[in-house]
Amino acid sequence: MNALRRNVLKGATGAGAVAVAVAAGLLAPARVLAAIPRSAFEAKGMADAMKAMGVAAPADSKDISIKAPDIAENGAVVPVEVTSSIAGTSGIAILAEKNATPLVADFGFSNGAQGFISTRIKMANTSLVRAIVTAGGKTYTAAKEVKVTIGGCGG
Amino acid sequence: MMNRREFLQVLAVAAASGMALDSKKALAGDLDMYNLPRFGNVSLMHMTDCHAQLLPIYFREPNVNIGVGAANGKPPHLVGEHLLKYYGIKPGTREAHAFTYLDFTQAARTYGKVGGFAHLKTLVDRVRASRPGSLLLDGGDTWQGSATSLWTNAQDMVDACIALGVNVMTPHWEMTYGAARVQEIVNNDFKKAGLDFVAQNVVTADFGDQVFKPYVIKNINGVNVAIVGQAFPYTPIANPRHLVPDWSFGIQDENMQKWVDEARAKGAQVVVVLSHNGMDVDLKMASRVTGIDAIFGGHTHDGVPQPAQVRNAKGMTLVTNAGSNGKFLGVMDFDVRNGKIAGWKYKLLPVFSNLLPEDAKMAALIKKVRAPFESRLNEKLAVTEDFLYRRGNFNGTFDQVILDALMKVKGADAAFSPGFRWGTSLLPGDVITMDRLMDQTAITYPATTLNNMSGETIKTILEDVCDNLFNMDPYYQQGGDMVRVGGIQYTVNPNARIGSRISNMMLNGKPVSPTKTYKVAGWASVQEGASGTPIWEVVAEYLRDIKTIKPVKLNLPKIVGLGKNPGLA
Chain A
218 MNALRRNVLK GATGAGAVAV AVAAGLLAPA RVLAAIPRSA FEAKGMADAM
268 KAMGVAAPAD SKDISIKAPD IAENGAVVPV EVTSSIAGTS GIAILAEKNA
318 TPLVADFGFS NGAQGFISTR IKMANTSLVR AIVTAGGKTY TAAKEVKVTI
368 GGCGG
Chain B
-8 MMNRREFLQV LAVAAASGMA LDSKKALAGD LDMYNLPRFG NVSLMHMTDC
42 HAQLLPIYFR EPNVNIGVGA ANGKPPHLVG EHLLKYYGIK PGTREAHAFT
92 YLDFTQAART YGKVGGFAHL KTLVDRVRAS RPGSLLLDGG DTWQGSATSL
142 WTNAQDMVDA CIALGVNVMT PHWEMTYGAA RVQEIVNNDF KKAGLDFVAQ
192 NVVTADFGDQ VFKPYVIKNI NGVNVAIVGQ AFPYTPIANP RHLVPDWSFG
242 IQDENMQKWV DEARAKGAQV VVVLSHNGMD VDLKMASRVT GIDAIFGGHT
292 HDGVPQPAQV RNAKGMTLVT NAGSNGKFLG VMDFDVRNGK IAGWKYKLLP
342 VFSNLLPEDA KMAALIKKVR APFESRLNEK LAVTEDFLYR RGNFNGTFDQ
392 VILDALMKVK GADAAFSPGF RWGTSLLPGD VITMDRLMDQ TAITYPATTL
442 NNMSGETIKT ILEDVCDNLF NMDPYYQQGG DMVRVGGIQY TVNPNARIGS
492 RISNMMLNGK PVSPTKTYKV AGWASVQEGA SGTPIWEVVA EYLRDIKTIK
542 PVKLNLPKIV GLGKNPGLA
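Chains as they are written, first to last, in my numbering: chain A, 218 to 372; chain B, -8 to 560.
It should be emphasised that the hints constitute simulated quantities derived from the structure, not laboratory data.
All C-beta atoms in this analysis are idealised placements derived from N, C-alpha and C, irrespective of residue type, glycine included.
Careful, some of the hints might be misleading.
[Stated by the list, open to error] Derived PhoX-like pairs (lysine-lysine); straight-line CA-CA distance at most 25 Å:
1. A:284 / B:305
2. B:450 / B:544
3. B:209 / B:338
4. A:355 / A:284
5. B:507 / B:65
6. A:279 / B:249
7. A:315 / B:450
8. B:204 / A:284
9. A:268 / A:279
10. A:339 / A:284
11. B:359 / B:104
12. B:507 / B:549
13. B:501 / B:450
14. B:541 / B:507
15. A:361 / B:371
16. A:284 / B:249
17. B:510 / B:401
18. B:305 / A:279
[What the hints assert, rightly or not] Here are a few chain B residues that face chain A, going by a calculated C-beta distance under 7 Å:
19. 227
20. 241
21. 463
22. 509
23. 517
24. 519
25. 533
[Unchecked claim] Here are the simulated distance ranges between beta carbons:
26. B:443 / A:337: 51 to 61 Å
27. A:317 / B:553: 32 to 42 Å
28. A:330 / B:507: 49 to 59 Å
29. A:330 / B:505: 27 to 37 Å
30. A:317 / B:521: 23 to 33 Å
31. B:201 / A:367: 26 to 36 Å
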C-alpha cells in the first residue's frame, strides 16, 4: 500500500484533482491548453456541443482507446482513460452524450506529449462516453458505452 | 471409499428417512458416485455460493433460466429435460434430481437433503485421500445466507471453512460485512490458517492499488499451479457501495491478462481462475483473455455437469460453474506432463447428505455455533401446504410469501423483493422456522421501506433490473434474477432493449398510470441510511398471523418474444 502517498494527498484535500495529481508528482506541471471555447462546456445536447467545439464530422478511429467501466460504480465519479496513438495528437475532449451539457473536459498536448489522459467524469445516465481527438488539424473519434444503473438486487 | 460399516449406516439412515429403496444394489450404485478413480497428478476441488448453509437443506434448481442472444440454448441456460438431454443424464435418477427441478418434491422425499458442512467434509476428505496434494477452492458467497452467519458476523463460516480445509477463496457477499470486517478476517483468521484470499479486480478507488493478493502459486505434486482470484465485479453496484467505500471492482480483463502472464512468467504450468463473475461473464472472459486453463465459476448458481470449452486466440479454456448452497463439489483432475496439461477430467459431485456420513468434528463445531441461538432459530412461524422455493428468473413461491407479507404489513399497493438466487426450498408440510425464514432474508442491510412511486418510476426500475439480467452483452449483466414484483402484473420481452422490455403493467385490473403515485414496499435498499423494520420481522409477523401457507398464487409475468428457448420449461 502507498500509505505515504495517501497521507501526502490527505494534506492536499481541497485542491482540485489536477492540482492534487501535480502535487503528488503524478503529472508534470505542463500547461493545460484549452483550445475549445468556454461556451462549448455550457452547450446543451450533442449537436450544439459539437458545433460550439467547431467539430463537424470527426472520423471514427481505432487508434483511440477508451478505458471506462462497463457499469459505473458511482455515476458521480466515473474513471475514464483515453489513449490516442494518432501522430501529432494536440487535443483530447471527452463528452458524455446523455449529460445535459455533454462536453466534460478538454485537454491540450504540446511538444509531442503522449496522447494519454486519465480523469473522472460525472454521468447522469447510461450513455456513450465519446472522445474527440485533434491531430494535425483533423478530428477523430471513438466511443464506449458506460451504464449507470440504480443498483441493488444482485446475486 | 466407504467401508462396510459406513455402508450399513447409510442404509439405516436411508431406511429411517423413508427413502424408497428398490434394492440394496440400487443404493450401492448411488454410492459408487463418490468412488472417483484418480486421474492425473493435479486435482482441484471447487465449492461456491454455499450461502452459509452449514446443515443439509433442499434446493430446487430453476425451471426458468433464459439465455438471450448468443447464450440462447447453451449452458447454463438449459433447464429440466433440456439439461438432461444435453448432458446425457437419465431422467428419474438421483443425478437428474440433483441438476433439475423435475418432480422436485417427490424426488426430494426419495433422495433426501443435500449439502451440510459435516457431510461435505467427509466428501472433501475422501477426495483428498484419493488425490494427495489436492486443493479446495471456495468461490465465495460463503459468509452470508443464514441466521447464524449474520448473528456471528460471519465467524461461524470462517471457522467452518478453516475446519473444512479451504485453501484459496475469492469474495462477493463477504463484502457486505464491511471492508473492516473483511480485512480483519483475512489478516487474522485466514492468515493464521494459511488460507489465501485472492482478488485481482479489487483495487483502491483512489490509485488502483491491489487490496488483496491477485493470485497465489501453489506447488501440487511438483507442478506449479497459479490460482487467480476474480471477485464479483459489480459488488459496489448490486450491494451497498457504502460498505466498501474505498474499493473499486469491475471485470478488468486487461489486468487479468497481466496477472495470468506474470504467473506464467514466474513458472506456473497450470493457471486457473477462481471466479465470482457469473457463468455468462466467465464465458466471455475466457474468449478474450488467453493463457487460462480453467475458470472455476460461481455467482449465477448454475449446476453445470461438465465444463464449457471456450476457444480463444491462443488456446482453449474450460469454464465450470458449481451450483450453490453446498449442494455440489466440483473435482477437476489435470494430467500435467512436461509442463503442459495433457488431459483432464471433471465431475460435479452432488452432495447427498444421506450418502455421506457426518464428519464428527465438523458436526460438533456446527452444534456449538448454533447452541446459543437454538430457541430463536427453532421458533415455528407457520406451516406451508405449498412447495416453497426462490430460484428462477421470476417470482418463486417463497418470494411471493415475502411480497404478500410486505404488502399486507406495510399497507402497500405493490411490493419489490430482490431477485437473489440464494434461499433454500421447503417441501409441502414443512414447518417454516425462523431459521428457514432467515435463509431467505439474512443480509446486513435488511431494512424494509415504503415509498411513493410514480408509475413511470416503477417502470424505470423494472426496466433497469431486467437489463441487468437480459442485456445481450454478458459484461453488462449482474447475475441476479429479475426483481420479484407483488401486486403489479406485467409482460416481459427478454429479447427487447432496455426501455421496451416491460409492458402492460396492471394493478387491480387497471393499467398502471405513469403519472399516478403508488405505495410500494421493498427491502434491501443499497442506499446508505435506509431505516425500517428488518424484513425478517415483517415476514415473521405475517407468518405468525396466518399460521398456514395455503397454495401460493404466483405473480408471474407474461413472457413474450422468445420463441423456442430451452431456458424456459
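Taking the hints in turn, this is what the structure says about them:
With a C-alpha separation of about 24 Å, the suggested pair residue 284 (chain A) and residue 305 (chain B) falls inside the 25 Å cut-off, and the hint holds. A hinted pair counts as satisfied when its Cα atoms are at most 25 Å apart, and residue 450 (chain B) with residue 544 (chain B) qualifies at roughly 23 Å. Restraint check: the Cα-Cα separation between residue 209 (chain B) and residue 338 (chain B) comes to about 22 Å, which is no more than 25 Å; the hinted pair holds. Distance check on the hinted pair: residue 355 (chain A) and residue 284 (chain A) sit about 23 Å apart at the alpha-carbon level, within 25 Å; holds.
At most 25 Å may separate the alpha-carbon atoms for a hinted pair to count; residue 507 (chain B) and residue 65 (chain B) exceed this at roughly 42 Å. Restraint check: the Cα-Cα separation between residue 279 (chain A) and residue 249 (chain B) comes to about 22 Å, which is no more than 25 Å; the hinted pair holds. Taking the CA atoms of residue 315 (chain A) and residue 450 (chain B), the gap is near 20 Å; set against the 25 Å cutoff, the hint holds. Taking the CA atoms of residue 204 (chain B) and residue 284 (chain A), the gap is near 23 Å; set against the 25 Å cutoff, the hint holds.
For the suggested pair residue 268 (chain A) and residue 279 (chain A), the alpha carbons sit about 23 Å apart, so the restraint of at most 25 Å is met. For the hint pairing residue 339 (chain A) with residue 284 (chain A), the CA-to-CA distance comes to about 15 Å; that is within 25 Å, so the pair holds. Straight-line distance between C-alpha atoms of residue 359 (chain B) and residue 104 (chain B) comes to about 22 Å, which keeps the hinted pair within the 25 Å bound. Our distance criterion of 25 Å between C-alpha atoms is met by residue 507 (chain B) and residue 549 (chain B), whose separation comes to about 23 Å.
Under the criterion of a C-alpha separation no larger than 25 Å, the hint pairing residue 501 (chain B) with residue 450 (chain B) is consistent with the structure, at around 15 Å. About 33 Å separates the Cα atoms of residue 541 (chain B) and residue 507 (chain B), which puts this hinted pair outside 25 Å; it is violated. Our distance criterion of 25 Å between C-alpha atoms is broken by residue 361 (chain A) and residue 371 (chain B), whose separation comes to about 53 Å. At most 25 Å may separate the alpha-carbon atoms for a hinted pair to count; residue 284 (chain A) and residue 249 (chain B) meet this at roughly 16 Å.
At roughly 9 Å between alpha-carbon atoms, residue 510 (chain B) and residue 401 (chain B) fall within 25 Å of each other, so this suggested pair holds. Between the alpha carbons of residue 305 (chain B) and residue 279 (chain A) the distance comes to roughly 23 Å, so the proposed pair stays at or under 25 Å and holds. For residue 227 (chain B), the shortest C-beta to C-beta distance to chain A is roughly 5 Å, which falls under 7 Å, so the interface hint holds. Given the 7 Å rule on beta carbons, the hint for residue 241 (chain B) holds: about 5 Å separates it from the nearest Cβ of chain A.
Interface restraint check: residue 463 (chain B) against chain A, minimum CB-CB distance 12 Å, threshold 7 Å, status violated. For residue 509 (chain B), the suggested interface contact is broken, since its CB lies about 17 Å from the closest CB of chain A, more than 7 Å. Against a cut-off of 7 Å between C-beta atoms, the interface hint on residue 517 (chain B) holds, since the closest Cβ of chain A lies about 4 Å away. For residue 519 (chain B), the shortest C-beta to C-beta distance to chain A is roughly 12 Å, which exceeds 7 Å, and the interface hint is violated.
Among the interface hints, the one on residue 533 (chain B) is violated; its C-beta lies about 22 Å from the nearest C-beta in chain A, farther than the 7 Å criterion. Checked against the hint of 51 to 61 Å, the pair residue 443 (chain B) and residue 337 (chain A) fails, with Cβ atoms roughly 34 Å apart. Look at residue 317 (chain A) against residue 553 (chain B): about 37 Å separates their beta carbons, and that is inside 32 to 42 Å. Separation of residue 330 (chain A) from residue 507 (chain B) is about 56 Å and conforms to the stated range, judged on CB atoms against 49 to 59 Å.
Judged by the Cβ atoms, the range 27 to 37 Å given for residue 330 (chain A) and residue 505 (chain B) is violated: they are separated by roughly 51 Å. At roughly 28 Å, the beta carbons of residue 317 (chain A) and residue 521 (chain B) sit within the given window of 23 to 33 Å. The given range of 26 to 36 Å is respected by residue 201 (chain B) and residue 367 (chain A), whose C-beta atoms sit roughly 29 Å from each other.
Consistency with the previously given hints fails for numbers 5, 14, 15, 21, 22, 24, 25, 26, 29, ordered from lowest to highest.
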